[in-house]
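Visitor: The chain contents come next:
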Amino acid sequence: MDLFSIPEAFTNKLRLAIISALVTGEKNFKELQNLTDATSGNLGAQLVKLEEWEFIKCKKEFINRKPQSTYHLTEKGLSEFKGYVTLLEKILKGASE
Amino acid sequence: MSQKIAEALEDVNLIKKVIDKTQNDFSKVSGFFIGIGAVRILTCFLYALMFGVMKRMEDISLVIWGLFRGISFVSVMGYFIVYLIYHNKLKQFKNELSMSLINIWGLLLVGGELFRIFFHMVSYEKAGNNQFIQPLFQFVFVMIGCFVMGFVIQDKLIQRVSFVMAFLFLILAGTGLEVRVADFHGNDVKINAVTVFTTVILSVGMILMGLYLKKRKGE
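Quick mapping for you: the protein sequence lines, in order, are chains A and B.
Residue numbering for the first sequence follows my numbering, beginning at 194 and increasing consecutively.
Residue numbering for the second sequence follows my numbering, beginning at 2 and increasing consecutively.
Keep in mind that the hints are not guaranteed to be accurate.
Straight-line alpha carbon distances no greater than 27 Å define the calculated BS3-like cross-link-like pairs of lysine-lysine that follow [stated by the list, open to error]:
#	chain 1	residue 1	chain 2	residue 2
1	A	Lys-206	B	Lys-216
2	A	Lys-206	B	Lys-18
3	B	Lys-29	B	Lys-215
4	A	Lys-250	B	Lys-92
5	B	Lys-215	A	Lys-223
6	B	Lys-215	B	Lys-22
7	B	Lys-22	A	Lys-253
8	B	Lys-215	A	Lys-259
9	B	Lys-18	A	Lys-269
10	A	Lys-269	A	Lys-283
11	A	Lys-242	B	Lys-56
12	B	Lys-17	A	Lys-283
13	B	Lys-92	A	Lys-223
14	B	Lys-18	A	Lys-286
Hints listed in this document are in silico derivations from the structure and should not be mistaken for laboratory results.
Model the full assembly from the supplied sequences, consistent with the hints where possible.
Guide: Rendered as structure tokens:
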């Protein structure tokens with residue numbers, strides 16, 4: 194990954210926050226909302242995009258007869274995130290030298 | 002280029018902030034404390050039930066007496082089951098702090114109960130000491146858990162409440178106050194106030210702690 198090939202998933206702060214939140218394990222919609230301080234509409238829209246790009250996967254189940262969506266990072270999402278973090282490190286290391 | 006560096010720094014800070022927030026989210030541990038409180042309430046209910054049965058009996062057989070004494074093991078088994086459930090639940094989340102807290106509390110609660118039961122068995126004849134020593138053991142283990150948790154997760158409310166509870170316990174222990182709870186075949190049954198206090202902390206207190214951790218947002 195280089196500066197000119199950053200995936201669109203990381204070009205939006207909310208999407209980056211969602212991916213960061215999912216690095217520590219699967220989360221449901223409400224947890225993601227608490228962690229990202231996003232509105233439900235905006236969060237929902239970004240989750241759909243991330244799912245389309247196969248960065249995350251959604252699991253829908255019923256808990257106490259209520260539908261609940263749980264999200265987790267895919268392998269692609271995790272590896273792209275690691276690549277992006279490495280790129281950020283390179284940029285900041287280059288700046289400090 | 003400096004704009005790229007500024008954006009990179011912003012992104013790093015954002016990633017760090019969000020991941021830190023996930024580590025300070027103890028809402029998944031809340032169910033553990035609510036479960037512990039529920040086990041305690043169940044144990045109290047069983048004691049009350051057995052006591053009611055024994056009160057109606059002219060002669061109390063060894064079996065019935067054994068069942069009554071055996072209720073102590075219900076709390077041990079209950080705590081252990083709650084611990085196992087939440088230990089397995091938390092495994093999938095990479096929140097090491099929550100996992101450590103569950104392990105510490107599991108050890109304190111299960112180990113504490115076993116130690117208390119063992120102590121009661123070996124010093125059975127010294128009934129006077131038991132009235133104070135047993136709740137002391139229970140209380141000490143719970144307070145250690147509360148203090149450790151309060152300092153580890155840097156929660157001032159838990160720290161302050163722990164100090165207040167410890168202070169109240171010392172006051173009650175110092176007064177030696179007893180509470181008459183029932184009549185048993187013509188004899189008054191009295192319980193030391195510290196026992197009542199410890200039971201309330203282990204039941205209602207734990208449930209309130211669980212509810213507080215659920216509402217507490219990661220900072």
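Visitor: Which hints from the list above does the structure break, by number from lowest to highest?
Guide: 11
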